[in-house]
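Dock chain B against chain A, hints included.
Protein chains: 2
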Amino acid sequence: MAIRLSDVAARAGVSVKTVSNVINDYPHITEQTRAKVEAAIAALGYRPNVSARSLRKGRSDFIALAIPEMASPYFAELGAAISRAAKRRGITVLIDQTEGEAEAEKLVLDGMRGQLIDGIIFSPITTAPTRIDLAETAKPLVLLGERHAGGGLDHVAVDSVQASFDATTHLISLGRQRIAAIGVGGGAGTGSVRRKGYRRALKAAGLPHDPSLELAGTGYHRDDGAASMRELLTLPDPPDAVFCFNDLLALGALRTLAEAGLKVPDDVAVVGFDDIEDGRYHSPSLTTISPDKEWLADNAVALLLDRIAGTGEAARCDLTVPYTLQIRESTCG
Amino acid sequence: MAIRLSDVAARAGVSVKTVSNVINDYPHITEQTRAKVEAAIAALGYRPNVSARSLRKGRSDFIALAIPEMASPYFAELGAAISRAAKRRGITVLIDQTEGEAEAEKLVLDGMRGQLIDGIIFSPITTAPTRIDLAETAKPLVLLGERHAGGGLDHVAVDSVQASFDATTHLISLGRQRIAAIGVGGGAGTGSVRRKGYRRALKAAGLPHDPSLELAGTGYHRDDGAASMRELLTLPDPPDAVFCFNDLLALGALRTLAEAGLKVPDDVAVVGFDDIEDGRYHSPSLTTISPDKEWLADNAVALLLDRIAGTGEAARCDLTVPYTLQIRESTCG
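One line per chain: the protein sequences are A and B, in this order. Letter by letter, the first sequence follows residues 1 to 333 in full-length UniProt numbering. Letter by letter, the second sequence follows residues 1 to 333 in full-length UniProt numbering.
Extracted from the complex, chain A is given alone in its bound form:
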């Protein structure tokens, strides 16, 4: 049988209103009264209706993280880091997998249809950040991902152009001449910004730009990387290096190279992007751009909590995530 407010009041010898005041942290309650009510709550195992309480206090200490796919190791590792960063601040994270679908992303912008969450960290795919109207979002929102929101929204991301420039330049510095790129058609702006960095590096080194070495692929998964690599191997003059726009593509490409009996990095050097754990344990281990995921998680959570509390900067923030190039066996065996 459910314990009610009136049961607590009867046991504590106070009015229902007083019990309610204690539960809702109202001021002007004596320590003695508070202690009596709390003892009665504990003795009866009363569970306050937190939904209603949160609505009144206006805070739940839950936030949501909306990501396109949790089975992608980058998002899984990022989600775990954001969950830990929030927990250090006493906040619980609920993760929503949108699959990049318009309907699911709309639910995010609508504040998760009335869930008791204080704010949302959102990595959009279908929704263009520039089309998100801040006045229309139901909850404080921090954006992740390649595309800037034009100053309208807080945004945390890696400088993908510069990172891709560095990854490509690393391959050039090893003397590679025919450097392919896999993933130039990637969604949510990733393909185009990383291609920009790749092309800039080729140009800076005076290497020709060969369109047959740029593969769009159909997605950012292992099978897409494997298929793109097979396509590259059919070229009359195949590449001697590949910059894959994420680690999953690179791991798929490595599988194709192994099946073809080609040596990595001797025949083909491979660089990825994300530094997922899988690449560190792979043989050969994967050279990759390593965004500081802990930094990203910590700063995205702090930024969102500042917005929720109303203590943040007045201007919207655009934070750039630090990264390093992790050189491993796939380029320097």
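No lab work stands behind these hints: they were computed from the structure. Being a predicted model, the structure only gives us computed values, none of them experimental. Just to be clear, a hint being listed does not mean it is correct.
Which copy is meant is left open, because identical chains are indistinguishable; a pair holds if it fits in one copy or across any two.
Stated by the list, open to error - Calculated lysine to aspartate or glutamate pairs in the EDC-like style (CA-CA distance at most 16 Å, straight line): (1) Lys196 - Asp159; (2) Lys263 - Asp223; (3) Lys87 - Glu101; (4) Lys196 - Asp166; (5) Lys36 - Asp7; (6) Lys263 - Glu329; (7) Lys87 - Glu99; (8) Lys139 - Asp61; (9) Lys87 - Glu69; (10) Lys36 - Asp298; (11) Lys196 - Asp7; (12) Lys106 - Asp306; (13) Lys87 - Glu103; (14) Lys17 - Glu38; (15) Lys139 - Asp118.
Just chain B now, kept in the frame of chain A:
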């Protein structure tokens, strides 16, 4: 400025109570009235207070999935599958990473502190299922994982003893004589039930049981598998096969074998458990026990939704997830 119920009422030319009745789907409202109110809601962009509405209707169409760690590919893939299975039924899944901590698992049993969720799919680590009192759980609950709940709770799991017997028997059928096991100390009952199947298979084949070939490890991650494999290679008589109690351990072990210059499967054959995508793309690809994750996801969601709707079996269900042994290069190169 927030649109209020009274604004909608004024525009529709009806009472506030009528607007409220339409929003809450009360019967006895004429189609004409409903159309007027819905037109006013659309015109003003009114967003009903769904929190309050859900409390009255008693359903939110959100469920939670509580897992120990989302960066573990098995849980990431399972979470993605459960999210899809729920979406097919119009339900949104919110994922909570407990890290297996007692406090976070208690939050799950308490019904996620008032979140508007209809039920929870829960993979516990610290909380012993037999100690979960159904009368104390705040929400309908379906348990995942190795440990049975003694009939008190709905439970969905692989028959890990039989699956481990099959994995070990596969190695025996290849003529391997010294078969090690990595992960026997694994948490949440996994280590002990899989060891049971491993030992049974050795016994059935008349192979001796050598305690020095059973490694507990400190966890179920790649680094634990790599460290355990290094330990096995220091033995005077190292193993010619290893059954790792999950794929991450196996991938770590494969890395150690590659670094040691040993050939897989010629020198050491390796079997994992989980069939994560990483193992399928690895070189050599990983032989593994493949639980049907889609089946698991679909049945766990269906079972929970039946409980929520009150339409399920009266008796608690214990569902056994089908699995196959996927034979790949790590045992049959």
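If you test the structure against every hint from before, which numbers come out violated?
The structure breaks hints 2, 10, 11 and 12; every other hint is satisfied.
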